[in-house]
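Given chain U, put chain B in place with the hints provided.
Number of protein chains: 2
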Amino acid sequence: MGIIVQKFGGSSVANREKLELVSEHIIREVKNGNQVVVVVSAQGKTTDRLIAEEAEITKTPNRREHDVLVSTGEQITISKLAMLLLDKNYKAISLTGWQIPIITNSEFMNSKIRYIHNETIEEYLNAGNIVIVAGFQGIDENSNITTFGRGGSDTTAVALAASLKAERCDIFTDVDGVFTSDPKIVDSVKKLDSISYDEMLEMSSMGAKVLHNRCVEIGKKYNVPIYVKSTFEKNSIGTIVKNNKNLEDLVINGVTKDDYISRITIVGLENKIGKTYNLFKVLSENFINIDIISQTFGEYITKDIAFTVKMNDLQKTLEVLEENKKNLGIQEILHSENLAKVSIIGVGIANKPGVAANMFEALYENNINMHMISTSEIKISVLVDSDKANLAVNAIHKKFFD
Amino acid sequence: MGIIVQKFGGSSVANREKLELVSEHIIREVKNGNQVVVVVSAQGKTTDRLIAEEAEITKTPNRREHDVLVSTGEQITISKLAMLLLDKNYKAISLTGWQIPIITNSEFMNSKIRYIHNETIEEYLNAGNIVIVAGFQGIDENSNITTFGRGGSDTTAVALAASLKAERCDIFTDVDGVFTSDPKIVDSVKKLDSISYDEMLEMSSMGAKVLHNRCVEIGKKYNVPIYVKSTFEKNSIGTIVKNNKNLEDLVINGVTKDDYISRITIVGLENKIGKTYNLFKVLSENFINIDIISQTFGEYITKDIAFTVKMNDLQKTLEVLEENKKNLGIQEILHSENLAKVSIIGVGIANKPGVAANMFEALYENNINMHMISTSEIKISVLVDSDKANLAVNAIHKKFFD
Chain U
1 MGIIVQKFGG
11 SSVANREKLE
21 LVSEHIIREV
31 KNGNQVVVVV
41 SAQGKTTDRL
51 IAEEAEITKT
61 PNRREHDVLV
71 STGEQITISK
81 LAMLLLDKNY
91 KAISLTGWQI
101 PIITNSEFMN
111 SKIRYIHNET
121 IEEYLNAGNI
131 VIVAGFQGID
141 ENSNITTFGR
151 GGSDTTAVAL
161 AASLKAERCD
171 IFTDVDGVFT
181 SDPKIVDSVK
191 KLDSISYDEM
201 LEMSSMGAKV
211 LHNRCVEIGK
221 KYNVPIYVKS
231 TFEKNSIGTI
241 VKNNKNLEDL
251 VINGVTKDDY
261 ISRITIVGLE
271 NKIGKTYNLF
281 KVLSENFINI
291 DIISQTFGEY
301 ITKDIAFTVK
311 MNDLQKTLEV
321 LEENKKNLGI
331 QEILHSENLA
341 KVSIIGVGIA
351 NKPGVAANMF
361 EALYENNINM
371 HMISTSEIKI
381 SVLVDSDKAN
391 LAVNAIHKKF
401 FD
Chain B
1 MGIIVQKFGG
11 SSVANREKLE
21 LVSEHIIREV
31 KNGNQVVVVV
41 SAQGKTTDRL
51 IAEEAEITKT
61 PNRREHDVLV
71 STGEQITISK
81 LAMLLLDKNY
91 KAISLTGWQI
101 PIITNSEFMN
111 SKIRYIHNET
121 IEEYLNAGNI
131 VIVAGFQGID
141 ENSNITTFGR
151 GGSDTTAVAL
161 AASLKAERCD
171 IFTDVDGVFT
181 SDPKIVDSVK
191 KLDSISYDEM
201 LEMSSMGAKV
211 LHNRCVEIGK
221 KYNVPIYVKS
231 TFEKNSIGTI
241 VKNNKNLEDL
251 VINGVTKDDY
261 ISRITIVGLE
271 NKIGKTYNLF
281 KVLSENFINI
291 DIISQTFGEY
301 ITKDIAFTVK
311 MNDLQKTLEV
321 LEENKKNLGI
331 QEILHSENLA
341 KVSIIGVGIA
351 NKPGVAANMF
361 EALYENNINM
371 HMISTSEIKI
381 SVLVDSDKAN
391 LAVNAIHKKF
401 FD
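Protein chains in written order, with my numbering: chain U, 1 to 402; chain B, 1 to 402.
Excised from the complex, chain U in its bound form (with noise of 0.2 Å):
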């Protein structure tokens, strides 16, 4: 007999029939002699609606008094499904974050988790209880309500997994784990059975929407096994997230693609020590995320440096670096958009030759040219054509999986 931590998100608690298939689940692991903590998202677009209404009241929200407001969402969820098992004769309690109390920094929206307090779920565990808790909340060391930016359930659960020494974590969502691409892109995608902390944060970051990053960063620093299940298959087996793969592990472990990236071509940046630093300063002051990174060293008096932002980004990308042209001394700046990146992760690529010989191949085949070329030791990104991207993804899938 262990502790499960499992989370379900908004789709699965969206109304009273998914709220019955998740009692099923949570049901389940009483039977079986578990311990259980169960972390909820807001209902279906709740959170949304309330986003809305804020929206009425002003356009520039207060941004402690939006936490107060968003983090009403999952209390009514907690109390919901609290009720529909005391109804069917099961002890279960309701938590918010501030009855745990989950303690947080104090960055209103995106706060992140301080320290866990165990003692009051594990009271309530061993009198019996399954104890519901709030998902994406916490409080501050002054009490103040803290929410942690969307997705946060997920990094409620796994934390809570670490905190309370769980057996594992299991994240219920509407599909049945980690597939090696995006089924709405690629017919032929296959579910993978296990994957590894980092091959999993490198899918999340390269646009598979399964897992929350911050909750697989916590999974692999502490160690907890994650799950990812479906709602709404009973026998759903998933895919395990965890730190030890096996050896007849796939060479790679999917392909993914982002959209809406923007590349923008520094021409002309003086050769000198300081002035790459003095450029990306500027940047990250204006909040501007960079993505992939392109130098052409050389011997000469000037160099050329590449970059990818967001889409939604470039407009005031190309505005900071208008401003400050003349003392970054830049000749010139240049930026495509439409384009996307496509990328293959997997811990084999460090120790497979021809990885990416396959991956540009896969390409060259259908006419595809690359415009950017980032690697990781797991993980190999192309900067494509928007309207190539899905038959890249396509492409390559089928060279590494078919």
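For the record, the hints were derived by calculation from the structure and aren't laboratory data. In this text the structure is predicted, and so the values were computed from the model without any measurement. Keep in mind that a hint or two might mislead.
Because identical chains share one entry, a pair is satisfied inside a single copy or across any pair of copies.
Pairs of lysine to any residue residues, derived as SDA-like cross-links and limited to a Cα-Cα distance of at most 20 Å, are as follows [what the hints assert, rightly or not]:
{"no.": "1", "residue 1": "K88", "residue 2": "E56"}
{"no.": "2", "residue 1": "K326", "residue 2": "G274"}
{"no.": "3", "residue 1": "K91", "residue 2": "S106"}
{"no.": "4", "residue 1": "K45", "residue 2": "E56"}
{"no.": "5", "residue 1": "K88", "residue 2": "R16"}
{"no.": "6", "residue 1": "K59", "residue 2": "E20"}
{"no.": "7", "residue 1": "K190", "residue 2": "I237"}
{"no.": "8", "residue 1": "K59", "residue 2": "K88"}
{"no.": "9", "residue 1": "K88", "residue 2": "A55"}
{"no.": "10", "residue 1": "K303", "residue 2": "E332"}
{"no.": "11", "residue 1": "K165", "residue 2": "M1"}
{"no.": "12", "residue 1": "K220", "residue 2": "S163"}
Frame of chain U, contents of chain B only:
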């Protein structure tokens, strides 16, 4: 400069436009140099909606979880109102029941305030904030969320005013104060400039729906002047509820009506010590609330007792009496339905002869039969047929106020 507590009910905060009106009332007091604490209810029909959603989950909701659910309504209002004030460049902060905290007993859905911690509110007030408090809610000693039952935001407001030693408590509502009768029944109603706590209590329990009884009791106990005002009239003076009455006060302050009353007559109860006690003990054990009691004492072996209950308690009352008929020693149980209680209230009643006679004369002139009479120091109630009740209220009102 002092502390003013303002309370705005659900219809006063229902939407953005109404919150604008509310903010004007708040800002006016701030500009007058006051420290302002604002208590708000859930917006419009929010609580009704949450209860309807709850009914989809279970017909017998767990009381603790019910309070977790419904307390979100006020939390939504406080964040929106704080945002609106911040948007207008006024310093404002929202506080839930647990953030203050307001400590209550553990009777979920109907808890009583035990203690209010002033420190947090005072700190925020002294830092120049308008403090926006969620009405109707607190926590018990184990950090469970509790609620005060319907109308509980009035209680929050007056209790805060008492605890913070506020200058006064303004209860904003959709009418301009306390009236001599229900404007829906009587055309020529008059607004009262002031009324005593005791009279207000009688008015509330006699069917006037302006103030929650518990808040008037707290106001009386801690001598908090309560102003009942209109949210929708800019210069509403309203009615002040306080201890000391002016000398020129009216003999009576109001005529009220309470519908849906049944009278039960116990015929032939044995005239022995303990028999009456046993009768009302049985009813009390079955949670039946008795209102007026009237008894014909005598030298006889048996006596008759009549009393009134609410219509929706009638069936249960008859069942309980039938079950206990033998051991209570009752010969017969009679009942009348469709009665209404019409009352006059005023501190002048005890000292002015002829008040009862005037009331009865008004009824006699209109051919209205009285089924029961009950009097106290400050009120006289009579039971009449429901279909004559409005006529009775009008006739009495005319006799005293025209």
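Going down the list of hints, with the structure as the test:
no., hint, verdict
1, K88 <-> E56, "between (40 Å within a copy, 14 Å between copies)"
2, K326 <-> G274, "within (15 Å within a copy, 101 Å between copies)"
3, K91 <-> S106, "between (34 Å within a copy, 19 Å between copies)"
4, K45 <-> E56, "both (17 Å within a copy, 18 Å between copies)"
5, K88 <-> R16, "within (14 Å within a copy, 40 Å between copies)"
6, K59 <-> E20, "between (38 Å within a copy, 15 Å between copies)"
7, K190 <-> I237, "within (14 Å within a copy, 73 Å between copies)"
8, K59 <-> K88, "between (44 Å within a copy, 12 Å between copies)"
9, K88 <-> A55, "between (39 Å within a copy, 15 Å between copies)"
10, K303 <-> E332, "within (11 Å within a copy, 108 Å between copies)"
11, K165 <-> M1, "within (13 Å within a copy, 55 Å between copies)"
12, K220 <-> S163, "within (13 Å within a copy, 50 Å between copies)"
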